[in-house]
Structures are given as structure tokens and as C-alpha cells.
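Given only the sequences and the hints, what does the whole structure look like? Please build it.
Chains P and B are the protein sequences, given in the same order.
Going left to right, the first sequence walks through residues 1 to 333 as the working numbering numbers them.
Going left to right, the second sequence walks through residues 1 to 406 as the working numbering numbers them.
Rather than coming from a laboratory, the hints here were simulated on the basis of the structure.
Keep in mind that the hints are not guaranteed to be accurate.
To be verified - Straight-line distance between alpha carbons at most 30 Å, and here's what the computed DSSO-like set of lysine-lysine pairs gives:
(1) B:K170 with P:K306
(2) B:K353 with P:K306
(3) P:K57 with B:K186
(4) P:K306 with B:K196
(5) B:K19 with P:K53
As the list claims (entries may be wrong) - Partner residues aside, some chain B positions facing chain P, computed with beta carbon under 10 Å:
(6) G30
(7) R198
(8) Y251
(9) A358
Heads up, the beta-carbon is just placed ideally off N, CA and C, and yes, glycines get one too.
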Amino acid sequence: MNIILSAVGGTVVLAILAIFVGLFLAGIDRRIVAHMQARMGPPLSQPFTDVKKLFAKQSIVPANAIPWLFNLMPVVALASSIAVLLYLPFGSLAPILGDAGDMILVLYLLIVPSLALVIGGFASGSPYATVGAQREMVSMIAYELPLAVSVIIIAWRLMVANVANPFSFTTLMETSVWDVVGPLGIVGLLILLILFAWITPGELSKVPFDTPEAETELAGGILVEYSGRNLGVFSLAQAVKTVAMIAFGVIILLPWNLSPVFGLTGAGAAAVDLVFFFVKVVIVSIFSVTVVRTMMARFRITQVVKVYWFIFGGLGIAAIILLMLDAFLMGGL
Amino acid sequence: MAGKAPYIVPVGPIHPALKEPVHIELTVVGEEVISADFTPGQTHRGIEWMGLSRNPVQIVHLTDRICGICGVTHSLSFARAVEQIADITVPERGDYVRTIIAEFERIQSHLLWAGVAAHELGFDTLFYLAWRVREEAMDAIEVITGNRVNYDIIQIGGTRRDITEDQHAKIRKCLNTYKDLFAKLKKLFLEDAVIKSRCVGTGLLSFETAMAYSAVGPTSRASGVTADLRVDYPYCAYGDLDIKPVIPTIYGSDVNGDTYDRIVVRIFEIAQSIEIIETCLDNMPQGPVIWEEKVAKILSACKKASGEAVGRHEAPRGEAVHYVVMDGAEAPIAWKVKASSYSNLHVWPIILKGAQLADIPVIVASVDPCLSCTDRVAVTDNGSTKIFTKEQLAKMSYEKSRRMMQ
Chain P
1 MNIILSAVGG
11 TVVLAILAIF
21 VGLFLAGIDR
31 RIVAHMQARM
41 GPPLSQPFTD
51 VKKLFAKQSI
61 VPANAIPWLF
71 NLMPVVALAS
81 SIAVLLYLPF
91 GSLAPILGDA
101 GDMILVLYLL
111 IVPSLALVIG
121 GFASGSPYAT
131 VGAQREMVSM
141 IAYELPLAVS
151 VIIIAWRLMV
161 ANVANPFSFT
171 TLMETSVWDV
181 VGPLGIVGLL
191 ILLILFAWIT
201 PGELSKVPFD
211 TPEAETELAG
221 GILVEYSGRN
231 LGVFSLAQAV
241 KTVAMIAFGV
251 IILLPWNLSP
261 VFGLTGAGAA
271 AVDLVFFFVK
281 VVIVSIFSVT
291 VVRTMMARFR
301 ITQVVKVYWF
311 IFGGLGIAAI
321 ILLMLDAFLM
331 GGL
Chain B
1 MAGKAPYIVP
11 VGPIHPALKE
21 PVHIELTVVG
31 EEVISADFTP
41 GQTHRGIEWM
51 GLSRNPVQIV
61 HLTDRICGIC
71 GVTHSLSFAR
81 AVEQIADITV
91 PERGDYVRTI
101 IAEFERIQSH
111 LLWAGVAAHE
121 LGFDTLFYLA
131 WRVREEAMDA
141 IEVITGNRVN
151 YDIIQIGGTR
161 RDITEDQHAK
171 IRKCLNTYKD
181 LFAKLKKLFL
191 EDAVIKSRCV
201 GTGLLSFETA
211 MAYSAVGPTS
221 RASGVTADLR
231 VDYPYCAYGD
241 LDIKPVIPTI
251 YGSDVNGDTY
261 DRIVVRIFEI
271 AQSIEIIETC
281 LDNMPQGPVI
291 WEEKVAKILS
301 ACKKASGEAV
311 GRHEAPRGEA
321 VHYVVMDGAE
331 APIAWKVKAS
341 SYSNLHVWPI
351 ILKGAQLADI
361 PVIVASVDPC
371 LSCTDRVAVT
381 DNGSTKIFTK
391 EQLAKMSYEK
401 SRRMMQ
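Here it is as C-alpha cells:
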């Protein structure tokens, strides 16, 4: 009983924390983009105000829509984004659900919010949303390949280094992949880091990979028919997903903690690590989302596929080869 | 993505890709446009009708308000038409002032367009940059005319204000800023990998089609048509200048007639306009800027005049035409405006065909549509809109002519 209670309590706390951090990230993002474009930008609290207002507004269901699917999908998106967090360790805090899930499960769970968007888009019965939903599916297929490649190769490298349970997050907490590789492997991991930085805007539908929402051509694409509370829930889902996606990357590739440096233990260590973890999330988000979306134009959907499959796919293969060579040289094979 | 039969994606009348209302209907399979059609007439304001009960001096101010960007274009075309009818000669200095302000208009219009094009491509940073540097031109225009948007500087017979020596410093400062910026603009718009990959080869308009559809301005020049009113039929101070129509070969590329070429032409026209303004400032002749200072005298000259004339001007978007008929009365008996976009919009169905859905905003924007300039007619009857055939329209115009001749 206690375990269930703590799991439920943990989920609620984590969801609130993730929503807060996610909206805060969106605020920072908008602010920095504005400054880079020589504008003032909105106050940091703007995303909170936006969501608050959306929840106060009427939710309109279009006549062509399938109401139950249309209304259900925002909730599915939010629930699945929060579910991802339950399997992720934050700093030195173990995942709420312990070892119940691994990296493969998180990979699948990260797809669910996008799928919810796609279904919601198709259920809205608008041509803009339909085109947007088709594009979202195509871009999912596009970015899943480099994403899966990078996750699996890291787990494989850990396995070769005789680490038990390489797909488990608790293993990742204890063993940093950077510690087991040699010089070649470090180059490979740096490539994977770049890869992850470029997958993140795709996963989060940000410029230059925001084709599914494409304001100027599709008027908001998938979300075009969503309004009021439904749109508010989608915004929360997007905020949580931003945290989850970036946290996933940070856990795999930037796993360091601050507490060993200060020699802290216990609750103090957990708190310091948690703060440091979110600092890492903010920094990664600034580099891989904010800066990228300021300096680029939107890709065509065909270009999105080409970029992810051929350029980043190629980079992924380069990383695989480097890590395999490294494993061979380090005597794992 | 195969699935069902082609479906229709409406763009407009109100849509984020459009800065002004127009309705474009696209038949789409997957992401490819099979066919496109458009319906203008969504922003008709009846300006011509208003003009028919006003005198030419009042109409000049009205023409300023036809378009928010081409403040000079319409007033200059209209003034040139009336000047021909009333046999008014514009003093040389007036011609130079007109040329300078017309070229400043071209600079700010092309920069505005460049910003819009960047926004359509999802490149908002470039959009903010283009609009920020556009402010320099707006400030210079404010120095010259006292206004930023509706300049109100053209008068029948010349201009209402002179450019004095002490304004030169500010104008030259603005021009120098643009000269320094030009290399940066060229690099940002023409060398950016994503812009290139989105614009090269899209929205193709061949030389033949551009000729057949009488496209004008940068839209036609990007397809290699060397048509530029300033060169072909010089007016104002353009006859004294050594200018050539800007075609994409200026950037050392071949003429393809794609969206990219239209960016090239507009960016290089900014440089051309800077040169024109500098030459004009250096060579401004002395003398008055207007044929007659007193408005009453201009009006009485117009009142005596009768006849018809066409006033033309190479607007930032191409040739704009005003047709005016006067009959010895205070108000003209006919006034017809044909804005440059009217000629250019008709290439939309051709350049949109076969395009990717993602490229539609930038292709639509690449002809630089100005719809409040263009829309002269909207026919509504108890809420339902009728479409008239060519024969019906011809018949109606015969009837109208007969009524006018009685």
C-alpha cells in the first residue's frame, strides 16, 4: 500500500514540477529568441498566463470532428508525457517506478504524445489538420531512425563493457558511458551528442522541423481546430514532453552530478543534483531548440526526411562505427 | 499518404500566409498541388467611385490611400495622367524630387517584401532583421515628406515639398547605411542554405509565360523579361539616368524564373535604387518643384481641361496604370486604376501547379501581391457573389460607354 501511495504522490509532484519546468523553459525560449531578434519578448511568466487563459476559454469542437477522439487526445498526450517522467531518474533521484521500465519503453512512450497529436489532427476533420497530421507521421518516421540508433548503440557499448542491464536507467545512473569508452568512443559520443541536439527540435516540432504546425502554410496544422481547454492541455503536454525529451538526452549523454564534487550525501545531494539536472536541461534546451530555431528557416517535409535519414542517419552510422572500433580497441570484443 | 481522391485546401480569404484578403483554392494530392485557382475582389473599397465626385487635387490625396506601401506609385501615376490632360509641365527639380521619393518607396517596399518572404519560409529572425533595417528608409521618407506611410508629397504639377540642402545629410546617412548593409543582406538572403533549398526551382515562371500573361516588374524581370518602364519609356528624372533593368544574371546566375530569382532581382533593385537616389541628389537642378504653388490655380487649370490620358509609373511591383478622362468639369468623368499586382496575380495558377504545399506561401508571396491596390471590383447581390463571363462584362462596358456619351 505504501509503495502505491508513494508512487501516486511522486507522480503528482513530478507532474506539477515537470509542467512548471516545461512552461518555464518555454518562457526562457521565447525570451532568448526575442533578444536574439532584437526584440523585448514577453515576460517569463507568459506561458503560464497563456495556459491559464486557455483553460478559461470555451473549447470548440468542429462539426466535422469525431468528438470523443478529438477531446480524448489532449489528455492522452499529457498522460503519456507524464508517464515518460516516471521512468526517468532526475539527478541522483531514482525513477519513481524504479526499474520497471527501460530506455526502449521510454522511446516508445515518447512517440505516444506525437501519435495523440496525429489522431487528434485527423479527428478534427480539417484539411489543414489532416495535412499536418500526415506530416507529423512522416517526421516521426524520419527522426525515430537516428534516435533509436543512438540509444541502442550506447546501450550496446555499455553491454560490451560488461555492464549488466545496459538498457536500464538505474544502470545509467551508476555508470556513465563516457567512463567506459576510449578516445575513439569519445569522438563517437560527441557525434551522438550533436545528433541528439538535432533530434530534439524534430521531436518537439520546432523550427526548422515544425512542418506539422507550419504557421504560414497550415495555419497551425494539427492544432488548427483545437481551442480552449483542449489546446491548454496540449500546451501542458508539449511542456512536459519538452522536459521529458531533453531529460532523456541529458540522462544518456550528460550524466554527471554535482554532489560528488562537493562531497554531499543524503537529501542535500539529491536536492543539489536535482537543481543541477534542471540547469542542464535548460542549457541543452537553449542550444538545441532556442538557438537553432532563431537561425534557421523551416524545412519542407521531404527535406526533413532527407536531413534525418541521410545526414543524421549517416552521422549515426559514423558514431556506430567509431564506438565499435573503440570497443574492439578497448578489448571488449 | 495515398488514400482518397484529391482534396481541396483553401487558402484565404483570411489566412496567415496572406497579408491581405484573397481566396486561393488548391487541389492537393498528398503534398503536391495539382491545380490552383484564385478569387480576388475580397478587399474592394470603392475608391474610384469616391474619386468621381472629387476634384483632381483631392483625388491625389485619395490615391495615396489606395495602397499602404505604394504611397507614391498611385499619386504619381494619377498626377501624370492629369498633367497630360491639362497640359501642365512639371519643373525639372520637381521631377527629381519625385524620382527620389519613388526610389525610396522601392527600397522600403522591397525590404518589406523580403521580410514577408523570410516569414513565409519560417525564418522569423530574418523577417525581424529586414523590417528593422527598413526603418532607415522609413525615417528618410519621413525627413523628406513628413509622413512615414501616406506620403502625400505628390501634387498635380510637381511635389508639395522640396528637398533642401540640410536634409541631404540625413538622406545620405540612410543611403550609406544601406550600402554597408547590402553585402549582409545579399549573404543572408541569397547564400542561406535553407532559403536556397526552398526557393531554387520552385514557382517556375518561364520567359514565354511571363510574356504571355503580361507579368510586370520584378516578377517578369526574374524570368528574364527586360521590361522596366523607367528604361523603356523614361519619365520624371529617369531619362537622365543610366539604368538597366535588373535581371537575375546580375548575380552571375542563369535566368530560371524561380522564387530564388525573384529574391535576387528585388535585392539587387535595392542597390540600384540607392544609386539612383545618390545620382539624383548630386545632379538636382535648381528651381521650383511645382508648376504652380497656388492650389486654386491648379484646380482652375484642371477644370478647363478635357481629354483622356494614361499615367504610368514603374512601381516596386511593376507598372501601375491610371486612366483618367476629364470633361471640363471639376471631377473627372472616368478614373480607372490598374495596379501592378493585377497583372502579376494571373501567373499564380501556373507557378503554383506542381508545387509542394510547403512552398505555397513563399510562391504566393514571391509575386509580391498587393491586393488592396488590385481589387477594384466586387460584385455582390443580396449576399451571393456572381461571377460574370467575359461576354457579360463586355456588354456591360458597352452600355456604360453609351451612357457616358449621352
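Quick rundown of the hints versus the structure:
Between B:K170 and P:K306, the direct Cα distance comes to roughly 49 Å. Violation of the 30 Å bound is thereby established for this hinted pair. Restraint check for B:K353 and P:K306: the C-alpha separation of about 23 Å stays at or below 30 Å, so the hint holds. At roughly 45 Å between alpha-carbon atoms, P:K57 and B:K186 are farther apart than 30 Å, so this suggested pair is violated. For the proposed pair P:K306 and B:K196, the alpha carbon gap of about 16 Å is at most 30 Å, so the pair holds.
Among the hinted pairs, B:K19 with P:K53 is consistent with the structure: their alpha-carbon atoms are about 27 Å apart, no more than 30 Å. A hinted interface residue such as B:G30 counts as satisfied when its beta carbon comes closer than 10 Å to some beta carbon of chain P; here the least separation is about 8 Å, so the hint holds. For B:R198, the suggested interface contact is upheld, since its CB lies about 6 Å from the closest CB of chain P, less than 10 Å. Given hint, B:Y251 at the interface with chain P, is violated; its Cβ is 19 Å from that chain's nearest Cβ, farther than 10 Å.
The restraint placing B:A358 at the interface with chain P holds, with a minimum CB-CB distance near 4 Å, inside the 10 Å limit.
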